[in-house]
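Model the full assembly from the supplied sequences, consistent with the hints where possible.
In my numbering, the protein residues as written are 548 to 651.
Everything labelled a hint here was simulated from the structure, so no lab data went into it.
For each residue, glycine too, the CB sits at the ideal point set by N, CA and C.
There could be a bad hint or two in this list.
Simulated DEER-style distance windows between Cβ atoms [claimed, not checked]: (1) N571 with R633: 35 to 43 Å; (2) P631 with E569: 19 to 27 Å; (3) P591 with M567: 32 to 40 Å; (4) L635 with K555: 28 to 36 Å; (5) L635 with I575: 26 to 34 Å; (6) P643 with H580: 33 to 41 Å; (7) H589 with P631: 15 to 23 Å; (8) T588 with A618: 39 to 47 Å; (9) S596 with E634: 21 to 29 Å; (10) R560 with D587: 31 to 39 Å; (11) M567 with Y639: 16 to 24 Å; (12) D637 with G616: 20 to 28 Å; (13) R593 with E632: 23 to 31 Å.
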Amino acid sequence: MKSLLPRKEFVARRTRLMQMMEPNSIAIIPAAHEILRNNDTHFPFRQDSDFYYLTGFNEPDAVAVLIPGRAHGAFVLFCRDRDPERELWDGYRAGPEGACSDYG
Numbered sequence: 548m549k550s551l552l553p554r555k556e557f558v559a560r561r562t563r564l565m566q567m568m569e570p571n572s573i574a575i576i577p578a579a580h581e582i583l584r585n586n587d588t589h590f591p592f593r594q595d596s597d598f599y600y601l602t603g604f605n606e607p608d609a610v611a612v613l614i615p616g617r618a619h620g621a622f623v624l625f626c627r628d629r630d631p632e633r634e635l636w637d638g639y640r641a642g643p644e645g646a647c648s649d650y651g
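Right, here's the structure in full:
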């Protein structure tokens, strides 16, 4: 599910953070994890505020990596693959392709 804010807003936020970073440094920002309530039920998911502020990506178990000055891909987002069987129970997943197109 896409964010309500435009993609360019999150790109601008990441760019501002990368401008403040030291040369030859990287930032690794983990997303929140799903928290198990009992054997087969999770608590309602809430994304980590810092992760969401920078990415707009609202799925668990992802990792954002910011690499200022990198020629190809200063922003790298690691996320779970699409899985139609799990999506039936847990809801839509963007997957790597959807993350690239929707979140930049």
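* Using the Cβ atoms, figure out if P591 sits within 32 to 40 Å of M567. => Given range 32 to 40 Å: holds, Cβ gap about 33 Å.
* Lying within 33 to 41 Å: is that true of the beta-carbon distance P643 to H580? -> 19 Å, violated
* Asked: Is 19 to 27 Å right for how far apart the beta carbons of P631 and E569 are?
  -> 43 Å, violated
* To do: Confirm or reject the claim that T588 and A618 have a C-beta distance inside 39 to 47 Å.
  => With a Cβ separation near 45 Å, T588 and A618 satisfy 39 to 47 Å, so the hint holds.
* To do: Using the beta carbons of L635 and K555, state whether their distance is inside 28 to 36 Å or not.
  => 33 Å, holds
* Measuring from beta carbon to beta carbon, are R593 and E632 in 23 to 31 Å? -> 24 Å, holds
* Asked: Is 31 to 39 Å a correct range for the gap between the Cβ atoms of R560 and D587?
  -> 37 Å, holds
* Is the gap between the beta carbons of N571 and R633 within 35 to 43 Å? -> For R633 against N571, whose Cβ atoms are near 38 Å apart, the range 35 to 43 Å holds.
* **Satisfaction of the hinted span 16 to 24 Å by the C-beta atoms belonging to M567 and Y639** => Given range 16 to 24 Å: violated, Cβ gap about 34 Å.
* Asked: Is it true that the C-beta distance of L635 to I575 lies inside 26 to 34 Å, as the hint says?
  -> Between L635 and I575, where Cβ atoms are some 32 Å apart, the hint holds.
* Check the following: the C-beta atoms of H589 and P631 are separated by a distance inside 15 to 23 Å. => Given range 15 to 23 Å: holds, Cβ gap about 19 Å.
* Asked: That 20 to 28 Å hint for D637 and G616 (C-beta), does it hold up?
  -> Violated: the Cβ-Cβ distance is about 37 Å, outside 20 to 28 Å.
In this structure, the earlier hints numbered 2, 6, 11, 12 are contradicted, and the remaining ones agree with it.
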